[in-house]
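Student: Each chain is listed here by its residues.
Number of protein chains: 2
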Amino acid sequence: MRQLTLTALEGLPEIELGAPLAPLLVQAVERTGSRLETGDVLVVAQKIVSKAEGRRVALSQVKPGARALELARVVQKDARLVELMLSESREVLRARPGVLILEHRLGFVMANAGLDRSNVGSTGDEACALLLPEDPDASARALRLALRGLSHIEVGVIINDSFGRAWRNGVAGVAIGVSGVPALVDMRGKADRQGRPLEMTQVAAADELAAAASLLMGQADESVPAVLVRGFPYAARESSARELVRPREEDLFR
Amino acid sequence: MRQLTLTALEGLPEIELGAPLAPLLVQAVERTGSRLETGDVLVVAQKIVSKAEGRRVALSQVKPGARALELARVVQKDARLVELMLSESREVLRARPGVLILEHRLGFVMANAGLDRSNVGSTGDEACALLLPEDPDASARALRLALRGLSHIEVGVIINDSFGRAWRNGVAGVAIGVSGVPALVDMRGKADRQGRPLEMTQVAAADELAAAASLLMGQADESVPAVLVRGFPYAARESSARELVRPREEDLFR
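Heads up: the sequence lines are chains A and B, in that order.
The opening position of the first sequence corresponds to residue 1 in the working numbering, with each subsequent residue numbered one higher.
The opening position of the second sequence corresponds to residue 1 in the working numbering, with each subsequent residue numbered one higher.
Mixed in with the good hints there might be a few duds.
To be verified - Not everything, but these chain B residues come out facing chain A in the computed CB check (under 7 Å):
id, residue
1, Met1
2, Leu4
3, Val92
4, Arg94
5, Pro97
6, Ala172
7, Asp186
8, Gln202
9, Val203
10, Glu208
11, Ala212
12, Arg246
Hints were generated in silico from the structure; no laboratory data involved.
Fair warning: this is a prediction, and the values are worked out from it, not measured in the lab.
Every residue, glycine too, gets a C-beta built ideally from N, C-alpha and C.
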């Protein structure tokens with residue numbers, strides 16, 4: 001029987017700079033009455049990875065430049081936030097009141113360059129923003145290796161975030177960092193029951209799993225910052241979330 | 001322990017026009033050693049719904065018009081297929097060699113208007129195409145009511161398909177028909193741990209679940225045309241996949 005089981009990992013402490021995510025996740029798995037098994041995938045929320053890596057910025061430390069001030073007027077956002085968004089981005093795709101769609105320096109097309117003001121666990125009342133990890137693939141890989149060191153088990157790691165989409169309402173989970181799990185699964189050369197070549201040749205497997213895990217993480221709090229996945233149906237391989245980024249020259253929607 | 005479990009439903013026969021999907025799915029659930037429970041969601045592949053509804057068209061019956069002939073030259077596809085795609089669509093968004101992005105009459109922005117040539121179970125050698133169901137929300141609702149009639153259990157139904165996305169490589173599962181499950185979950189008015197209003201206010205829950213189920217369905221054959229989901233974390237309500245379609249006037253990427 002083919003089954004995919006996702007289990008919410010709860011009870012992690014508030015994550016601060018330098019927090020040891022691997023042992024915290026191993027303990028959270030053990031609290032569910034289980035242990036890591038070969039082929040498991042851990043999907044970890046971007047927020048806790050960013051916090052552990054110290055990607056929190058106090059807005060009082062940000063001095064918006066002329067471009068940020070101008071753009072902030074258009075999009076009606078805090079100019080210091082816009083300055084941070086621009087510093088994390090390569091290109092502004094759309095700017096409207098309330099909406100700022102950017103190409104993040106990692107290639108992701110997303111709202112607000114992935115900056116998050118909600119629930120950044122500020123010390124005192126200081127207003128802060130949380131940036132994406134510097135290199136989420138590297139973060140995923142480091143976490144995978146640390147989990148292997150602790151448990152002697154080969155698991156995959158996906159760091160996920162919720163993105164808005166073109167044409168469709170609502171946000172959905174996507175993979176922004178991947179290690180030990182295929183980001184894309186290539187179906188080229190495979191045929192259907194009638195022997196006809198498949199038209200859909202690449203499956204965004206890591207995004208599909210990131211979306212599945214997002215369902216359990218919810219959005220309203222961080223009580224579920226990670227999800228244990230058992231039964232991921234595709235073979236493990238080293239990979240990168242950059243596989244999921246369509247090259248600019250093939251992108252018809254900018 | 002919060003858990004989401006997806007179970008592949010296998011062993012269904014080849015689906016033909018008029019096939020009784022509800023009893024076939026109930027039997028497939030029973031073959032897994034389980035029974036439907038209140039709150040379960042069945043995710044059903046578009047292909048079998050379309051086949052049961054007779055949405056297969058023999059290409060020999062299609063006479064391409066002037067517009068289809070012209071567009072077929074641009075996109076390098078069979079003009080009869082392009083004629084069918086146009087007949088299922090409201091608008092052509094992008095046309096390039098090998099690529100035709102349309103707004104489907106149901107509002108979905110998608111490649112090839114959802115037409116599928118692979119694995120349509122043609123009688124003999126006749127070339128066929130499979131269209132999306134006439135009204136996938138109505139199909140989902142009819143299936144939900146039939147399942148209730150058979151099992152006296154309230155389940156949700158999602159009809160899913162795999163769509164390409166702007167900006168990201170690979171296809172991912174999305175919901176094209178929904179009944180008894182929220183398509184969108186509204187987080188507006190909710191706050192994070194610090195009491196700050198959430199920035200991401202709507203979650204595309206049905207799309208996230210459609211993506212999760214796609215992982216088990218694979219792409220290479222139809223051996224898993226449906227997935228049983230237990231543990232969907234949001235409250236049931238009647239809904240529509242049209243909630244997931246961004247209104248044209250709010251769409252910045254056309």
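Student: Does the nearest C-beta of chain A fall within a distance shorter than 7 Å of the C-beta of Val203/B?
Tutor: For Val203/B, the interface hint holds, since the closest Cβ of chain A sits about 6 Å away, which is under 7 Å.
Student: Holds or violated: Ala172/B as interface residue toward chain A, Cβ cutoff 7 Å?
Tutor: Interface hint status for Ala172/B: holds (5 Å vs cutoff 7 Å).
Student: Holds or violated: the hint that Pro97/B contacts chain A, with Cβ atoms closer than 7 Å.
Tutor: For Pro97/B, the interface hint is violated, since the closest Cβ of chain A sits about 12 Å away, which is over 7 Å.
Student: If you take the shortest Cβ to Cβ gap from Glu208/B to chain A, is it below 7 Å?
Tutor: holds, 4 Å
Student: Tell me if Arg246/B is really an interface residue toward chain A, meaning its C-beta lies closer than 7 Å to one of theirs.
Tutor: Holds: closest Cβ of chain A sits about 5 Å from Arg246/B, inside 7 Å.
Student: Using the nearest Cβ pair, does Met1/B come within less than 7 Å of chain A?
Tutor: holds, 6 Å
Student: Would the hint on Asp186/B stand, with a C-beta cut-off of 7 Å toward chain A?
Tutor: Nearest chain A Cβ about 9 Å off; hint violated.
Student: With 7 Å as the cut and Cβ atoms as the points, is Ala212/B at the interface with chain A?
Tutor: Holds: closest Cβ of chain A sits about 3 Å from Ala212/B, inside 7 Å.
Student: Should the interface hint for Leu4/B be scored as holding, given a Cβ-Cβ cut-off of 7 Å against chain A?
Tutor: holds, 4 Å
Student: With a cut-off of 7 Å on the beta carbons, see whether Val92/B makes it to chain A.
Tutor: violated, 12 Å
Student: For the hint on Arg94/B, does the least C-beta distance to chain A fall short of 7 Å?
Tutor: Hint on Arg94/B: holds, closest Cβ of chain A at ~5 Å, below 7 Å.
Student: Does the interface hint hold: is Gln202/B within less than 7 Å of chain A, judged Cβ to Cβ?
Tutor: Since chain A brings a Cβ to about 4 Å from Gln202/B, closer than 7 Å, the hint holds.
This entry does not satisfy hints 3, 5, 7, going by the numbered hints stated previously.
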